[in-house]
Amino acid sequence: MARWLRCLLFVSIWMLPLPSWADEPLVVAPGTSEVRITTDFAGTELKAIGSMRGPADLIIKLVGPPQEVTLSRETKLGPFWIGGDSVKMESAPSLLFLYATAPIASILPPAEQQKYGLLLEGVPVRVEPHLQAHAADDWQKAFFRLKERQGYYHEDDTAIKVFGNRLFIADMRLPGDLQVGTYAVETLVVKSGKVVGRNLGEFKVRLAGIERRVWNAAHDHSWLFGGLFTLLAMLLGFALNAIPYRRTH
Amino acid sequence: MDVNIVLILLYGALVGFLSGLVGVGGGFLITPLLIFTGIPPIVAVSSGAAQMAGTASGASYLHWRHGNIDFKMGLILLIGSWLGGGFGVYLAKVLLRAGQFGNVVVFLYVILLGFIGVSMLIESLGAVFRSGAPDASEAPAQAATGSRLRAWIARLPWQTSYPVSGVRMSALGPLVLGAAVGVMTSLMGVGGGFIMVPVMIYVLKMPTKIVVGTSLFQLLFTTAAVSVMQAGVNHSVDPFLALILILGSVLGTKLGARLGARLPAEKLRLILALVVVAVAVKMIVTLLIPPGDIYDMTVEVR
Numbered sequence: 101m102a103r104w105l106r107c108l109l110f111v112s113i114w115m116l117p118l119p120s121w122a123d124e125p126l127v128v129a130p131g132t133s134e135v136r137i138t139t140d141f142a143g144t145e146l147k148a149i150g151s152m153r154g155p156a157d158l159i160i161k162l163v164g165p166p167q168e169v170t171l172s173r174e175t176k177l178g179p180f181w182i183g184g185d186s187v188k189m190e191s192a193p194s195l196l197f198l199y200a201t202a203p204i205a206s207i208l209p210p211a212e213q214q215k216y217g218l219l220l221e222g223v224p225v226r227v228e229p230h231l232q233a234h235a236a237d238d239w240q241k242a243f244f245r246l247k248e249r250q251g252y253y254h255e256d257d258t259a260i261k262v263f264g265n266r267l268f269i270a271d272m273r274l275p276g277d278l279q280v281g282t283y284a285v286e287t288l289v290v291k292s293g294k295v296v297g298r299n300l301g302e303f304k305v306r307l308a309g310i311e312r313r314v315w316n317a318a319h320d321h322s323w324l325f326g327g328l329f330t331l332l333a334m335l336l337g338f339a340l341n342a343i344p345y346r347r348t349h
Numbered sequence: 016m017d018v019n020i021v022l023i024l025l026y027g028a029l030v031g032f033l034s035g036l037v038g039v040g041g042g043f044l045i046t047p048l049l050i051f052t053g054i055p056p057i058v059a060v061s062s063g064a065a066q067m068a069g070t071a072s073g074a075s076y077l078h079w080r081h082g083n084i085d086f087k088m089g090l091i092l093l094i095g096s097w098l099g100g101g102f103g104v105y106l107a108k109v110l111l112r113a114g115q116f117g118n119v120v121v122f123l124y125v126i127l128l129g130f131i132g133v134s135m136l137i138e139s140l141g142a143v144f145r146s147g148a149p150d151a152s153e154a155p156a157q158a159a160t161g162s163r164l165r166a167w168i169a170r171l172p173w174q175t176s177y178p179v180s181g182v183r184m185s186a187l188g189p190l191v192l193g194a195a196v197g198v199m200t201s202l203m204g205v206g207g208g209f210i211m212v213p214v215m216i217y218v219l220k221m222p223t224k225i226v227v228g229t230s231l232f233q234l235l236f237t238t239a240a241v242s243v244m245q246a247g248v249n250h251s252v253d254p255f256l257a258l259i260l261i262l263g264s265v266l267g268t269k270l271g272a273r274l275g276a277r278l279p280a281e282k283l284r285l286i287l288a289l290v291v292v293a294v295a296v297k298m299i300v301t302l303l304i305p306p307g308d309i310y311d312m313t314v315e316v317r
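Line by line, the protein sequences give chains A and B.
In the working numbering, each number is its position in the first sequence, counted from 1, plus 100.
In the working numbering, each number is its position in the second sequence, counted from 1, plus 15.
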């Protein structure tokens, strides 16, 4: 709760810029515009509160910034299982959460799901190096399976609560290990198998505090960082080991 | 990478405890423990080097104050290990690009730990059961190997004397020894004391007191150089990981040294031997058991 309140301090109107379209008026109001990752960050709750007109189903799609991952596969060498070949996967979102008031497959036909990117295993992924179609397919399947198992891709039809067919609150739980960048939130109103209202918004996740500074230093000035940090480690070890020893002897 | 801070602190304490108890550096235990936890091998190896630079600095200072460092020997060793360490860091980069670094590290560790663990186990079991009687069969064999190596080193060029240690030999001896240890520091995150110390005692015939001080001096500056190079070339030193390890190991060392003063030495060596063998067995088992999912995913850092 305290974290949520702090987030509110960054004041924010999530979902301000892009007006909703379509016949169904849809208002979605404040969650936060920024999530800051500090050293003790262990994930956070995001809330979206909104209103719609009349009974309908809702889908909220949360899409993380694209992420480059390396997928590796173990192979058998004699009796040993060792690291084998690997590929890079690019342009797939780091996180894909689909929240809905009912299982998405039951409220939207596959074509519509495809159109709005509402299939967990349907996001386009670029595999490097280019492989034969069936080989690439294996890697893609593994990619989606791992993402789902690690909890970065999932569908949840219990997180949105609707009150009196008008007001809704969505509780979205973000994991602790978040990719830094811009997250898109798309809210869709669904009636009889069609999307009739849509609202777009976004929020940013960034590193804050000492973690960010150390991180930037380690990457932008890696040699200077290495030198200073090693010196710091030596001084710390010296202070902890040698000084108490001198005092007692 | 999300890792439990308390667990890392415990690892540091455990290894510090063992090193306080038995007097080994413990780098060869930190790296496999970190890899078991899921930390990428290159980060485990590099942060381990940073941690050792931290913990070796206090001990080196004390040996310097007691005049236990042969600086001439130490500097030649250091030139060797910096060259070896630099070569090792670039070798790590090449292996990383080929995606083979993890395999190489795991196999090197299985060989190293298996060798150290089994030989320690045999030695300490013998010592415990014969309760302190000097090991008559091992020593002559070691001395024979030592004298053969020494005769070979005596024929090398660049003969020079080391007044502090009271020995005379070719500068190539410590240079090559240093280089071998430097490569190991880069690839495995170990200080190399377990090779350096016996070679200096049995082959180079240096006094034990000077050996410990000199090898610590060499270890301090080798791990420091490797830590800087790993950060610069491979961006793989995790500052938080290394700091937590330093804190843990300092605490553990104090406890270990206090308890070590009360327990008999051969039992202590047996404990360490069992720990080393257990880690080696765990590594082999991980290699033999078919993985639950043959695929694995790593997020590229920026």
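Since the hints were derived computationally from the structure, they do not count as laboratory data.
Incorrect hints may have been included.
[Claimed, not checked] With the Cβ distance kept under 7 Å, some of the chain B side facing chain A (calculated, not the full set):
1) N19
2) L136
3) S139
4) V143
5) S162
6) L164
7) I168
8) A169
9) L171
10) V243
11) P254
12) G307
13) M312
14) E315
[Said to hold, decoys possible] What follows is a list of derived Cβ distance ranges for each label pair:
15) B:I126 <-> A:S206: 55 to 63 Å
16) A:T175 <-> B:L22: 44 to 52 Å
17) A:K176 <-> B:R170: 45 to 53 Å
18) A:S206 <-> B:F122: 27 to 35 Å
19) B:V296 <-> A:K241: 50 to 58 Å
20) A:G309 <-> B:V143: 36 to 44 Å
Don't be surprised by glycine CBs; every beta carbon is placed ideally from N, CA and C.
How the hints compare with the structure:
The beta carbon of B:N19 is not positioned within 7 Å of any beta carbon in chain A (closest approach about 11 Å), and the interface hint is therefore violated. Because the closest C-beta pair between B:L136 and chain A is about 23 Å apart, greater than 7 Å, the hint is violated. Interface restraint check: B:S139 against chain A, minimum CB-CB distance 27 Å, threshold 7 Å, status violated. Against a cut-off of 7 Å between C-beta atoms, the interface hint on B:V143 is violated, since the closest Cβ of chain A lies about 31 Å away.
For the restraint placing B:S162 at the interface with chain A, the shortest Cβ-Cβ distance is roughly 37 Å, beyond the 7 Å limit, so the hint is violated. Evaluation of the B:L164 hint against chain A yields a violated restraint, the C-beta minimum of about 33 Å exceeding 7 Å. A hinted interface residue such as B:I168 counts as satisfied when its beta carbon comes closer than 7 Å to some beta carbon of chain A; here the least separation is about 32 Å, so the hint is violated. A distance limit of 7 Å between C-beta atoms decides the matter here; for B:A169 the minimum to chain A is near 37 Å, and the interface restraint is violated.
Annotation: interface hint on B:L171 violated; nearest CB of chain A at approximately 33 Å, more than 7 Å. Among the interface hints, the one on B:V243 holds; its C-beta lies about 4 Å from the nearest C-beta in chain A, closer than the 7 Å criterion. Taking 7 Å as the C-beta cut-off, the interface hint given for B:P254 holds, the closest approach to chain A being about 5 Å. The beta carbon of B:G307 comes no nearer than 10 Å to any beta carbon in chain A, farther than 7 Å, and the hint placing it at the interface is violated.
Contact between B:M312 and chain A, as hinted, is supported at the beta carbon level, the nearest pair being about 5 Å apart and thus within 7 Å. For B:E315, the shortest C-beta to C-beta distance to chain A is roughly 4 Å, which falls under 7 Å, so the interface hint holds. Judged by the Cβ atoms, the range 55 to 63 Å given for B:I126 and A:S206 holds: they are separated by roughly 57 Å. A hinted range of 44 to 52 Å for the beta carbons of A:T175 and B:L22 is inconsistent with their spacing of about 30 Å.
Distance hint check for A:K176 and B:R170: the Cβ-Cβ separation is about 47 Å, which falls inside the suggested range of 45 to 53 Å. Between A:S206 and B:F122 the C-beta distance comes to about 51 Å, which lies outside the given range of 27 to 35 Å. Taking 50 to 58 Å as the suggested C-beta distance range, the pair B:V296 and A:K241 does not conform, at roughly 34 Å. At about 52 Å, the CB distance of A:G309 to B:V143 disagrees with the hint of 36 to 44 Å.
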